[in-house]
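Undergrad: Put together the whole structure using the sequences plus the hints.
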Amino acid sequence: VQPKNMIRKVTLFLLLIIPSWLVSMEPGDKVENFRLLDQKGGSHELFYYDDQKALIFLVQGNGCPIVRHAAARFQELKDIYEDQEVEFFMINSNLQDDRITIREEAKEYNYDLRILVDDSQIIGESLKLSRTGEVFIINPKNWSVAYIGAIDDRLTYENQKEKASKHFLKDAIDDLLEDKSVSVPRTESLGCLINFPNKADRQLISYADDVAPILVENCTVCHREGGVGPWVMSDHKMVKGFSLMMREVIRTKRMPPWHADPLIGEYSNDRSLNAEEVKTLVHWIEAGAKRGDGPDPLEQVKLSTSVWTNEEKLGPPDFVIDIPSTDVPATGVVDYKYQYVKNSVGEDIWVKASEIVPGDRQVLHHVITSFGPTETRGPRKGKLKFKERKGLRGYAPGINSNPFPDNSGTFLPADATFEFQMHYTPVGRATVDSTKMGIWVADEKPEHEIFSMIMLNPRIRIPAG
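Here the UniProt record's numbering is used: position 463 in the sequence shown is 463, and no number is missing along the way.
Misleading hints may appear alongside valid ones.
Dumping the calculated DSS-like pairs for lysine-lysine here, alpha-carbon to alpha-carbon at most 27 Å [as the list claims (entries may be wrong)]: (1) LYS290 <-> LYS302; (2) LYS170 <-> LYS128; (3) LYS161 <-> LYS78; (4) LYS436 <-> LYS313; (5) LYS166 <-> LYS128; (6) LYS199 <-> LYS107; (7) LYS342 <-> LYS290; (8) LYS253 <-> LYS240; (9) LYS240 <-> LYS30; (10) LYS180 <-> LYS128; (11) LYS199 <-> LYS290; (12) LYS381 <-> LYS436; (13) LYS342 <-> LYS381; (14) LYS385 <-> LYS445; (15) LYS128 <-> LYS78; (16) LYS170 <-> LYS78; (17) LYS385 <-> LYS337; (18) LYS78 <-> LYS163.
Hints are computed from structural coordinates only; laboratory data are not their basis.
TA: Below, the structure written as structure tokens:
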């Protein structure tokens, strides 16, 4: 073996045995976009702050003495730079902490700061966070790390100085605000080591047993032939080809689309990924998105051939309302379309189920269905009266069109007018959308009446600039 090759082999061996907690963020490292909720439920996407001059983060962890002592100075710096286009955050990637306990810690120790909660730990892993108590600066000009280390030299593990003599973080911020390179971009910091136990398990994740079932459950309802998803999750090869893009939209919570706070309420149609599912998918992708053994669950997905999803339970609809067709261009922005259709049923009925079937699922983003009497004069002539409008089931990708609960329904008068709010998103080809609504009629008046209302504020005005 040549000496040079021997050196390479030894170097590789040493890299393999170095603990992951010794591999940390360094100045100049590029930072990828991400979105996290803070302890109060506020949503924060990193790249949203591209108009700022510096983004400052303190790595927080419940129970860490260094963090508890450093937080007051971090808050002081936030107040000093409040009007200078500098944003301050804490970020928590601890395995053992969650939003509830983080919120309690923040209240007890008076943290008046947004604490980003990395419940899946994937953001902390990619940032190579190693200790709580560490601070780092991200420069939005090039999305790189400008400084990482301690706030100042006041704290040690056993003692505290009355005053700091070196102000590392403040000096680094001042350098950035003056468009200078940070003179001291790296210092040693103290704090509690962060445990990322699942990093070593990436190679053990099974596509057939762990990954594909998540995709079948949460993704294939849209990523199917003719679906609104731009590509079809047909098999492993297709998923692997898009895997890096999947990682990106999972990190930014763009996919699967779900906006309700996971700590408030439970929803039967919740398609969001929990922390473990996020970790499984991202770790599998980062390990190379390997196929492995076993059958491919995506190849076994069987989609219903029925036009109406309610047909298996209720048979075909009793009435079908055709919504006027809409020409959708290949590209550009399409304003919301409002289509008005007179109720053609001909009699008062109780509706036990309704369902919207898109003409072209790829371009139809959503439908909101309302009905009621119309205005007979004035600028809103022919449109629904605000205070008397009611609703039936609308449409959005992935929505469940189940019948109403037993012995319940919505009253639909014979003289009602339907209003369909249609939102289209062009997909690169011109098309014509001809959507329709099916109505299933109850045999008798139900015990419970269901009211669906649209809540909106038409008086909001946003001034230019």
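Undergrad: Does the structure break any of the earlier hints, and which numbers would those be?
TA: Violated hints (numbers, rising): 6 and 7; every other hint is consistent with the structure.
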